[in-house]
Amino acid sequence: MNKLTLEAEGDRFVVVIRRFDAPPAAVYRAHLEPKLIQQWLLGPDGWSMPVCINEAKPGGRIRYEWSDGKGGGFSLTGEVLELEPPHRIVHVERMHLPDPTPDNHIVTTFVAEGAGTLMTMRMTLPDAETRKMMLSTGMEHGMEASYVRLERLSRQSGQ
Amino acid sequence: MVQQVGARLDASFAALSDATRRGVLDQLGRADASISDLAQKFNMTLTGMKKHVGVLEQAGLVSTEKVGRVRTCRLGPCRLDEETAWIERYRQLWAARFNELDTVVDELKQEEKRNGRKRR
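As you go down the protein sequences, you meet chains P and D in turn. Per my numbering, the very first residue in the first sequence carries number 1; after that it's consecutive. Per my numbering, the very first residue in the second sequence carries number 1001; after that it's consecutive.
Source of the hints: derived by calculation from the structure; they are not laboratory data. Be a bit skeptical, because a hint or two may be false.
As the list claims (entries may be wrong) - Pairwise CB distance ranges, derived in the manner of DEER restraints:
no. : chain 1 : residue 1 : chain 2 : residue 2 : range
1   : D       : 1099      : P       : 79        : 24 to 34 Å
2   : D       : 1046      : P       : 11        : 44 to 54 Å
3   : D       : 1065      : P       : 67        : 42 to 52 Å
4   : P       : 115       : D       : 1029      : 47 to 57 Å
To be verified - In silico DSBU-like pairs for lysine-lysine, Cα to Cα no more than 30 Å straight-line:
no. : chain 1 : residue 1 : chain 2 : residue 2
5   : D       : 1109      : P       : 35
6   : D       : 1109      : P       : 57
7   : P       : 3         : P       : 132
8   : D       : 1051      : D       : 1041
9   : D       : 1066      : D       : 1041
10  : D       : 1118      : P       : 35
11  : D       : 1113      : P       : 3
12  : D       : 1113      : P       : 57
13  : P       : 35        : P       : 57
14  : P       : 35        : P       : 3
15  : P       : 35        : D       : 1113
16  : D       : 1050      : D       : 1066
17  : P       : 70        : P       : 132
18  : D       : 1066      : D       : 1051
19  : D       : 1109      : P       : 3
20  : P       : 70        : P       : 35
Unchecked claim - Sample of chain P residues with no beta-carbon within 10 Å of chain D, all distances over it, derived:
no. : residue
21  : 68
22  : 85
23  : 106
Quick caveat, the model's predicted, so the values are computed rather than measured. Glycine residues also receive a C-beta, built at the ideal position from the N, C-alpha and C atoms.
Build the full structure now, drawing on both the sequences and the hints.
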């Protein structure tokens, strides 16, 4: 099982660790090529990402827009800071809800482990308040959809 | 330890997947109440409310105590603190994303294999 760990560390950090059954080059590519990003960087259940820009070079712009297909949506913008293919991506990003949130500084590393990859994503927020906002915003957006999904699942399993 | 927390959260979120049960927790956050108080408040049969309280109790979100003929409910030992709940929700978002990413990188791997063969 490629289990995910996601932990809040100290006041300002979030650390995400996940293993993949593919070499670092593949996982690295999937983080930078818009066509690939659109397939996996999901929003809430049933949403899509119609706009996906990632100029994969230092100083390059990032812009992702999620849509619920009914006029609702939110976006993320950022900049690529450093690239070390296929081992390391450093970028900043912020959500627009619609006001921009303070920058989230993210270092993502891809380390070969056997035939697979150990990926570590280390997010640094400017302060505890911003981290709280980021975590709780994810919740607001995902919450209702997830509850609906859970309700459906628990109804099914209750039958 | 981490796995235990995960299992507990699964039970908690399953318990929380129902609007009435979320309402009951909200209510108990303000004051303890008997099952019949709760049934009345949520316009429900006693049996229906007992079921909901049972689910919450199993998840450790509520504890009950019977004194005489009255069963009193209060928030349980495993109530979710807000931050834990947020992190869990955020984790679920990334878990869903990375499951999709598994598919994406698997396709890249296959593609690479085919290209490699062609080159040789």
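Evaluated hints:
Separation of residue 1099(D) from residue 79(P) is about 28 Å and conforms to the stated range, judged on CB atoms against 24 to 34 Å. The hinted range of 44 to 54 Å is satisfied by residue 1046(D) and residue 11(P), whose Cβ atoms lie roughly 47 Å apart. A C-beta distance of roughly 50 Å is found between residue 1065(D) and residue 67(P), which places it inside the suggested range of 42 to 52 Å. Distance hint check for residue 115(P) and residue 1029(D): the Cβ-Cβ separation is about 50 Å, which falls inside the suggested range of 47 to 57 Å.
Of the supplied pair hints, the one linking residue 1109(D) and residue 35(P) holds, its CA atoms being roughly 16 Å apart against a limit of 30 Å. Restraint check for residue 1109(D) and residue 57(P): the C-alpha separation of about 23 Å stays at or below 30 Å, so the hint holds. About 24 Å separates the Cα atoms of residue 3(P) and residue 132(P), which keeps this hinted pair within 30 Å; it holds. With a CA separation close to 15 Å, the supplied pair residue 1051(D) and residue 1041(D) stays within the 30 Å bound.
Taken as a hint, the residue 1066(D) and residue 1041(D) pair is honoured in the structure, with Cα atoms around 20 Å apart against an allowance of 30 Å. Distance restraint check for residue 1118(D) and residue 35(P): the Cα-Cα separation of roughly 24 Å lies within the 30 Å cut-off, and the hinted pair is therefore satisfied. Restraint check for residue 1113(D) and residue 3(P): satisfied, since their Cα atoms lie roughly 26 Å apart, inside the 30 Å limit. Simply put, residue 1113(D) and residue 57(P) have alpha-carbon atoms about 27 Å apart, close enough for the 30 Å limit, and the pair holds.
For a cut-off of 30 Å, the pair hint linking residue 35(P) to residue 57(P) stands: about 16 Å separates their Cα positions. Between residue 35(P) and residue 3(P) the CA atoms are separated by roughly 25 Å; this keeps the pair inside 30 Å, and the hint holds. This hinted pair checks out: residue 35(P) and residue 1113(D) have alpha carbons roughly 20 Å apart, not beyond 30 Å. Annotation: proposed proximity of residue 1050(D) to residue 1066(D) holds, straight-line Cα distance about 13 Å (limit 30 Å).
Proximity of residue 70(P) to residue 132(P) is assessed by CA-CA distance (about 28 Å); at most 30 Å being required, the pair is judged to hold. Among the hinted pairs, residue 1066(D) with residue 1051(D) is consistent with the structure: their alpha-carbon atoms are about 16 Å apart, no more than 30 Å. At most 30 Å may separate the alpha-carbon atoms for a hinted pair to count; residue 1109(D) and residue 3(P) meet this at roughly 20 Å. A C-alpha spacing of about 23 Å is found between residue 70(P) and residue 35(P), which places the hinted pair at or below 30 Å, so the restraint holds.
Its beta-carbon lying about 15 Å from the closest one in chain D, residue 68(P) satisfies the requirement of being farther than 10 Å from that chain. The Cβ of residue 85(P) sits about 14 Å from the closest Cβ of chain D, beyond the 10 Å cut-off, so the non-interface label holds. Residue 106(P), annotated as away from the interface, keeps every beta carbon of chain D farther than 10 Å; the closest lies near 12 Å.
The structure is consistent with each of the numbered hints, conforming to all of them.
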